[in-house]
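Protein sequences, first through last, are from chains A and B.
Going by the numbering used here, the residue at position 24 of the first sequence is 24; the numbering climbs one at a time, nothing skipped.
Going by the numbering used here, the residue at position 104 of the second sequence is 104; the numbering climbs one at a time, nothing skipped.
The hints are simulated quantities; they were obtained by calculation from the structure and are not laboratory data.
The reader is advised that the hints may include incorrect statements.
[Unchecked claim] Dumping the calculated PhoX-like pairs for lysine-lysine here, alpha-carbon to alpha-carbon at most 20 Å:
#1 B:Lys875 - B:Lys815
#2 B:Lys299 - A:Lys3
#3 B:Lys643 - B:Lys334
#4 B:Lys593 - A:Lys3
#5 B:Lys50 - A:Lys3
#6 B:Lys787 - A:Lys3
#7 B:Lys221 - B:Lys149
#8 B:Lys711 - B:Lys756
#9 B:Lys299 - B:Lys643
#10 B:Lys579 - A:Lys3
#11 B:Lys579 - B:Lys330
#12 B:Lys621 - B:Lys760
#13 B:Lys621 - B:Lys593
#14 B:Lys787 - B:Lys711
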Amino acid sequence: MSKIVRLTTTDNPHDPVNDFGAWWDFDHMKGYNSSERLAAWLTSSADLPSEMQEEIQEEAIDEIVSLNLTGVDTKFVLEV
Amino acid sequence: MADHDEDWSALQEGEEAAEHYGTPRHSGRYPWGSGENPYQRSENFYKFVKSQLDKGISKKDIAKSISDGPNKHMSIRKMNALYSNAGADIRRRNVQRATRLRDKGWGYSAIGRAMGLSDNTVRSLLNEEVQNRKDRSLSTANLIETRVKESGGFIEVGKGSEARLQISSTKMANAINQLEARGYPVFQLRVPQGNTHNKTVVTVVGPKGSTYKDAYNALDKIETIDKGYYTEDGGETFQKVEPPKSIDSKRIYINYTSDDHKRGGVEKDGVIELRRGVDDISLKDAHYAQVRILVDGDKYMKGMALYSDNIPDGYDIVYNTNKTKAESDKVFKKIKDDPDNPFGATIRTDDESSEPELILCQRHYTDKDGNRQLSVLNIVNEEGNWQQWGRTLSSQMLSKQGPALAQRQLDISFERRKEDFEEIKALTNKAVEYDQLIQFADSCDSAAVNLKAAAIPGSASHVILPFPGMKENEIYAPNYENGSRVACIRYPHGGIFEIAELTVNNNVPEAKSILGQAKDAVGIHPSVAAKLSGADFDGDTVTVIPNDTGDIRSRPALDQLKGYEPKVLYRRPDDSIVKTGKPTSREDREKAKRGEVIYDGFDTQAEMGKVSNLITDMTIKDAPTAEIARAVRHSMTVIDAEKHNLDWKTSYEDNGIAELKRTYQGVSEKNGALKGASTLISQAKSRVYVYDRKEGQWDPVTKRRIYIDPKTGEKLWEETGATRMLYKRDPDTGIKVPTGKIVRVTNRSTKMAEEKDAHKLSSGYLIEEVYANHANRLKALANEARKTAISLGDPEYSPSAAKTYAKEVEDINIKYLTATANKPVQRIAQAYSDHLFKLIERENPDMSDDDRKKAKTRCDNRARKEKGVQKASIKFTDREWEAIQAGAFRPSRLKAILREADKDNVKQHALPKSWNGLSPAKRARARAMLSRPNATQYEVAQALGVSVTTLMNALNLPKA
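Excised from the complex, chain B in its bound form:
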């Protein structure tokens, strides 16, 4: 029998360790030592215990062989709990992985090969997923019951709620049945629908004993099913957000910055290093995460958390700060006076809801006694959240690279549009083709204003992490080939002197040990961050662009930017009552009301936009480097001004920004005010006023209204001649008062959209001409598409086809009705909109019909936005599509149906069969992209705008 120490080392050496353990136990604070992530540790624990059991060793003896502290072995009870939890954890992960692969279309054998399991085991795992889904009905019913009790009101459970919980509609129906059986009433409320006389149905569950009338009166207070809850297991169970757990500051070693601000914490500012193997600070199987940690109950730290092997004895965490020892009282931030959001960190979900929602994720772990505990780590972003594959390059970035690269990327972008155009012209259904051509034309018009170019393949954003031991010209980037060259860009991007050209070295031991095969992080030397617009390491990202060809140019960092520390130069004194920005919490607002704090109203977004446009204009106009450096310095102040309470006005003056704006953007002839944008790149999207107009013109020849000029393909407009009273604000009261002057009603558009020849917006620099040519060819392509569209004529209606395909016609009609019926969130939005409208009505009882209609539309729009309404869409079967092609629908009906249809599905049906879902040109491009090292099918499918399945089918790629 091996001694305890030897046995435990086996649990720390990786998957194979259980077979040949025997080295001395590592020393450290915890008896299980450090050296790897906790998931692996629990997996090894499971393997170890199982191997002993398989050998016939009794549980008692196995437990005796396991150390649980100095001179202490583990109890059987505890070992059983840990063994059981570890087994369940492994099984759960296997089920999740197998399900993910199955959802990607993989077969049992392929999944088995990928996971190293037999086909039967894979079947069993996927069956378990089925069982899990059954169990979800019960947990869903429990959740709804809890939500009803908590809210004291009504919870929406209609169609679509199941999507919010990631369960099927059948399971949701089962859950509702269970609730009714428990005595909770379910009501179907009929709510008026927008401006129409139709009513929609809102299904709600209410408290026991509540009535229909109670529910109807509480329409504006109905809550969604998942509010305030989150899931750690894909919807299987739901947890309520708990008060964060605090950590004792005695466990934290603070790595201060040296007094000269050059060494120490500043080199890793924002990095939170964690001891491996400590449960309450475990990242589980992730390598890194952006976190908030409550300290001593009243302070918090935030930054990027990662494991480290260099934690001083007696500590569990090293917190790297740019503060010196003399500033020790400023290392941690004070928590906000908001129990729901103590860290002041709100980030939005991506479901179009405009309500900020706290989605800090909380993680749990099983402690040594087998109890579930809340981790002290509150996750803001975790591994995998940062990666965004770049699909376009902005004009702001490309215009700084010079005309040759811009021309090339714009050409690629234009060729792709032409490919799309050819693809649409090959569609086999007139109605679909017309619809797609009009949409395509509109997208070309928008592209002429947006001026985006094709991205360089392989570009993606990554979060940066510091490794002082690395070389300054290297990058640890496991998503890129070892030895290849990349360019790193971070915004605000002042010029090519802020681009870092680096060589990939994926053999840096420290980075390899900590980041491993990081999904979306790169390791760099701290000095590289300084070049990248002064990035720090608390979650900042860079765009990594493959650059073996050297197409992306860079220059050495500007001397004027070296050592520029806006946080040191412009930070307001701590006792200053003036704060940059506006109050962003109730607490701040109250302080402002009491006069304890004065906010200067600074708006980071608008000011960053202004200085970014200034830098673009200066670069295009070949401003001297020293002057560009001034604007860049100011931009570095602006981006941190609100966050670090910087005196941005002094930075504005110190850097002579007004003078730069005068020189490179000019002044208004009218009032002498400084202008904003002055080159085609920056002013393409500037506002221009046009007289109120409506689409279309009366055509005396055809005696009907036409919307497209048949000769040019341009959109036709007709001015309405509408007028309005001009109002002026009374300087004393601030109230708008009529002036008695009548003026024409105007609408807003963009300069580029209204200008037929983009060259008229150019100040004559070469890069502007490149973009002007591109904008003009896009406008021409849009016109050509519209001309093609109106030449198509209407699709023919066939009464006999309607009879032949009567069943399909009926099925499509049902799908259409379902798609247009309101979904649950839509129904909540409807109720909310009605509530808003009632308030307006109460305030303005004498509204005209027209005003009422407008007010209702505004309420609808606001409600839809705030409640995150999304549309459902129709998908056709092959036989249904046959019905459409045979002319079973009248043209107007078909157009209405197609408006509600899934675009990809329609396109798949309408493309020539021989294409197999992808045009020959796109197929060739896909093959070329896939031949690149490290290219993934997902990335290629994204670039082509198709699903992975379509890509695989079109190219006959194997499924696994």
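Pulled out of the complex, with its shape left as it was, chain A reads as follows:
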């Protein structure tokens, strides 16, 4: 079992993995800019190996969700 983790918002009805386009449209329409916030958060880890990136990314998403600046931030987990 492996998993893919994304930052999303509780009101976004779209799947950020399988339906990224629709997810992205909704996210920007609402002005959350979740991807940009995540990227800004991840700044310092730009050149790490990919397996560490995943771990750091999940940690970053957890941190963003715990700060919950939008009031609707949440973590999306797809287990495959």
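Please build the complex by placing chain B on the supplied structure of chain A, with the hints as guidance.
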């Protein structure tokens, strides 16, 4: 007597047709012809048959007058079935519409006027709704029975389950009684509650013969009542998701793209055109929908489905593709090896559940023999799902428009906050005022980080559909005034060269015929999509912004972006075993395990975020257009990389992204790595580390802990001085090992939240200064609100009021207990959390008390998130509020009660009576907004953050 052909044309000409039919029948594959949607057709069928019956014509003669194929008339049995179904369909729709209007607060007369019916008929329709609700007890009992049999385990039926089924708690109780009578045991399980010693009750129904012990042992497997089911009729009946029905590819005409990729299918790429009047591909009364269709049992197509009047003879569907004839084998996608999800399309429900759930909606229709059949259309989104009224403009978008518009929209946003502040200060209850001021201050602090501005009124998202016959500078947009100007923006939004300025033309015949009064779609010329960041027509949306004033600026499309087709340039060869992204299905994962496919780990979300921030920084720093075009080209590759298996690394190199990042975002002095965000706009939300701290400081004067600086209004913090062992990952084993070095514990925050003066985050460009000023004034407003809050003092407690209002006190206490008691999903979450905790305990039997507490909290949080827990809230009656105002509760108790209360309800009670629910400033704004053409009460209420009822009451608007 008219001949068959003439009679059938009457069924196709609209509502009035039954009165004056007589034109020749249209030709076509189906005897009932084409030309309108099936609902209208069934309505006309009903009207026609009824008019004949009313004239005294026998059923036999009526049936004889109806054609049912070449040289064949309809049987009486079939006509009866169709007549009965059509009548029921009309009645059901009328009941639904009347109920919707009644729920909005409309009276019988108003509903009657709106629907063209008498008051008595409306009463009868609403009574029918009452009867329907009675019937729901039976269908609910049947559903629970089915769920118990299917799961072989236990189904949660406690409080709140009724909300999932959209029925009342009484009906649910009746359904449970019926089940018990059928021999299914009902158990009330007592489950430990989180970190406390309290227990909560989980009510479940189990298989016949099961025991309490069986139920308790299966706590982690309890399922919710509606899992795997959906409703097409608002909870009246439930259907299980069925295997999708396949369509024969012989019925599909494929509109290929010409070899030069300029004409043909590419102009409508992603559009699925449907013949009208064909039952198994009917959209019912919708104009369009985003669908998946199974083809020949092993492939599928996806896109936007809409009716068309130009389907070639012998076909029912035209599928427009960007593939050429030479690529015919790539037109359809292969279905996934997952019977539950053959299309690989999962979208989440909006109930906060973090478990992806397939909610492709399946639709049914009644065939010509009166039998219920599954449609081949699997609906992903349908008309009405796309519209989102914009309430804010992001800094990413506004910063590209220039300082003047940004300043104006930020000013509007700030003025609204000041309005809110004044409104809170006018509240008539100290406890409520304190609570609201603290929340308001926190929201101002968050707003200083989020940097959102007020939206331009009337902005909303719409799905785009192509009409090659339209002019390139026009848009068919029935939600906007004919002749008005609008700006269309789609994200990723590279710059103003990706904004389309268009004039509304709602008289384009083709668009009018197909989209009609579309709720949330607009029609554009295909070339406009190319300008809108390369949008296609398989469900892409744009934000439409009214722009008569010309405030939203745009520029001609960049030459460097013309004809840029990342899907052509960077698509990996079909035989490449390297795939972009990560495996997203069991099948893909297995292939990766076997080494048949290598995934490169690409993460669309993070990469889109990075390139979007780069474009923002470049725009703010006035980068040359040619350089911005490079970043935009890369963003166009990135957004489609995973979906179309594009080689994004080559795009990164071709477009020189590393060089752009170096120039506009800089490099780290520490290690030379490329930095991410460099301007105030992009780095406001960047991470910053602060030493571990807790709120508040010891005040030697008052000899108590205080949380707000009484002089400045700033939040007070105290560093804990906590330390921890530093760990390092062993490069060989990958395991974290202690280094022996002790470091201070840190927490994460954002740069903007920690910076007292936002100008320090600015690199000096004008737009950054505009945002820095805005952030600073928001921080100042937050501090002022906190200062006001601590100056209020505690509300007074009155023992005599507690006696006078003893009944209200008791009622409020009961409401409080109910609100804090766990709801069914909460109870499932609790059981699940306990299960998770047991697993952790088993793995870590020597956990300290502190670690146990933390682990339990983590389990609770995870369980609540995964199970979609929502809170209930208290609403007060006028008399109960009187009790609160009289001081019937001690301050600490009152604060606890207010935490569980419905905010709107509290605000309504605590606002000055003369305001009638809305402050004078908000009332003025509401009137101004309502004076705009096409403005709806709903939209205005949303913008003001109040309910429609509050808005109507405050402005004394008529109810209908």
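Non-conforming hints, listed in increasing numerical order | 2, 5, 6, 13
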